[in-house]
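Chain A is fixed; fit chain B onto it per the hints.
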Amino acid sequence: MFDLDSWREIFQSINKNKLRAVLSGFTVAFAILLFTLLFGIVSGLKNTFAEAFVDDAANSMFVRVWKTSKPYKGLQSGRSIQLKNKDYDYVEEKYNNKIQYLTARIYKNVSISYKSKQDSYNLRAVHPDHQFLEKTNIIDGRYINELDLQQASKVIVIGRLVKEDLFGERPALGKQVNVNGISYKVIGVFTDDGGDNEERLTYMPVTTAQKLYGNNDYISQINIGYDPKLDLNQAIAFGNQLERDLREKLDIHPDDQSALSVRNMAEANKGVNQFMIALYFIVIFVGSGTLIAGIIGISNIMIFSIKERTKEFGIRKALGAKPSSIIAMVVKESLLITALAGYLGLLLGTYILNQIGDSLEEYFIKNPGVDTGIVVGATITLVIAGLIAGYLPAKKAAQIKPIVALRAD
Amino acid sequence: MIKIEGLHKSYPIGKDSLHVLKGLDLHIKEGEFVSIMGSSGSGKSTLLNIVGLLDTHDEGNYFLNGQLIQNLNEKKAAVLRNKFLGFVFQSFNLISYKTALENVALPLYYKGMGRKERLKIAQEYLEKVELGPWANHLPNELSGGQKQRVAIARALVTNPKVILADEPTGALDSKTTDSVMDLLKGINDEGMTVFVITHEEDVAEQTNRIVRLKDGVIISDEYTKAGKLKTVK
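Taken in sequence, the protein lines are chains A and B.
Under the numbering used here, read the first sequence as residues 1 to 409, first letter to last.
Under the numbering used here, read the second sequence as residues 1001 to 1233, first letter to last.
Rather than coming from a laboratory, the hints here were simulated on the basis of the structure.
Hints should not be assumed to be uniformly reliable.
Facing chain B, from chain A, some residues (calculated, C-beta under 8 Å) [to be verified]: (1) Q12; (2) K16; (3) E308; (4) E312; (5) A318; (6) L319; (7) G320; (8) K322; (9) S325; (10) K396; (11) Q399.
Built from N, CA and C at the ideal position, the CB exists for glycine as well.
Next comes chain A alone, as it looks inside the complex (with noise of 0.2 Å):
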């Protein structure tokens, strides 16, 4: 095998055909470059996705309740719904072994002061668990937690671009800020992946914001973290369960989507991963087709390079050549050139993928990249056919008399 003399022969063959050698293994480079290039953008889609998840925890599910639209049980569509701290409860207690997380949310837009500095902030009061549902990063000081629940204290966890607007460079933790003509003390600050507009929120406990601002018990809205233990075909049904529930508890028609729905990320996860499964059947069909046709490539190539030397086969062997120094000569040949190709294509390939990066964003591409497992595996797949490309015909070529391959033209 790494007999010099050998490849030296080799080389003097492949260097008289290189018009053949050219085309063989521009076959065999396309090929995987193909390939390389298909599954890197299947990558890049993927990725997309995967980033669009990354602001919420994947196993989100969103109640929220507007206006009904269908009469039900004597009373009339258009009733506004309001959730409150007995739906909450309700959940809480019925559904506990199905929770990881569990938070109310109530929205208020709300002016905030600090010494000369005034602007105007959405603010959300929830529970301790938001923190972990909408992935917040606390980067100073810490989040609201139950002592500051059950005091309803006045305290005020701010965003990252809150912090700069109001204090600048100066520390904010501990300070007093003035909320709606309340003073509330800064207790943490914190940064989100969400973007800008995620990092101009401000968080409270929820008991404060519902016993300073009209004193009732309303919430906006109830955010759960179903338990990551359920599959997702579990969670999509504890999803439905609840949306029923609920309904039932506000006597609302069980198909009325616009005054009550539950926003299930499973339901997304599922659609996502049917859509990237769906594509990944895709991939392989015409991965598998362009290497088959690499493959077909190669094998006529092959045969059609042997069946024009078998005169030379026969002069080989009228010398004294075995035919099994014949076929290694072949297969050694068409190894080399579906190997050195099937690299040439692997390098080209990822070289094109780096230089697209993220340049393609907007296509819901991003930063395309490949396994080097499934490329490696093309690759050995593609060299393994080379060597029975150049194998087959080889062998029959030198099974051929000598005396025929001789008269051969």
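This is chain B only, laid out in the frame that chain A set:
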């Protein structure tokens, strides 16, 4: 050196078969210079192919260097060809992308000899056929006579027992024919068995023994003048 007894060979042609060699008996001793004469279709090329282990026979016995040839697979045949036989073809059969020197060295490659050594030996043989300066030329840069001399050097390089020449002068003009025949004569004078196939009377005349074939049988087998002289010696 070559002993043939009752040799038969047929080729299938469609459903029928063509009986080419019909029971040949021939004995060629070491150091002989023999020509096989015959018109085309007489079976002379078939005989050479069988003797050269390029083809197999149907019936009869063939002894090469005392060894009975039967049930040879391609591998064994290749080894025997490499060891005992040197071929010279009408159409030279040089490998077009190899230089004269590399062509001559090729049988030594299949013998398993190292590159340096085989190129040295090949160079010696090229000089023997007076083509030393042409060592690094490709076949298409050589004249017909030169190509045939390269082929002869290639046939000689393994120092075989027998040189088999199939119409070695068929593609050459009369002047180069003479020089090639002189070369073969010289080789024979050194003791090599040479076996030539030809349909040219004056080529056959230069050998020591002429065997005439017609329709697959030997019709005459006699020594030439030169042959008689040599046997007398």
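Given hint K396 (chain A) near chain B, where the shortest CB pair must fall under 8 Å:
12 Å, violated
Restraint satisfaction for S325 (chain A) [CB to CB of chain B, less than 8 Å]
7 Å, holds
Classify the hint on Q12 (chain A) as holds or violated, based on whether any CB of chain B lies nearer than 8 Å to its CB.
6 Å, holds
For the hint on L319 (chain A), does the least C-beta distance to chain B fall short of 8 Å?
With a closest approach of 4 Å, the L319 (chain A) hint holds.
Closest C-beta approach of E312 (chain A) to chain B relative to 8 Å, hint status
6 Å, holds
Close enough to count: is the Cβ of E308 (chain A) nearer than 8 Å to one in chain B?
Violated, because the Cβ-Cβ distance from E308 (chain A) to chain B comes to roughly 12 Å (cut-off 8 Å).
Interface restraint verdict for K322 (chain A) against chain B (beta-carbon cut-off 8 Å)
Hint on K322 (chain A): holds, closest Cβ of chain B at ~5 Å, below 8 Å.
Is the interface hint for K16 (chain A) satisfied, with its Cβ closer than 8 Å to some Cβ of chain B?
4 Å, holds
Against chain B, run the beta carbon of G320 (chain A) and see if the smallest gap drops under 8 Å.
With Cβ-Cβ at 3 Å, under 8 Å, it holds.
Interface hint for A318 (chain A), Cβ within 8 Å of any Cβ on chain B
OK, holds: A318 (chain A) within 8 Å of chain B, min 5 Å.
Can we keep the Q399 (chain A) interface hint, with Cβ of chain B closer than 8 Å?
7 Å, holds
In summary, the numbered hints that this structure violates are 3, 10.
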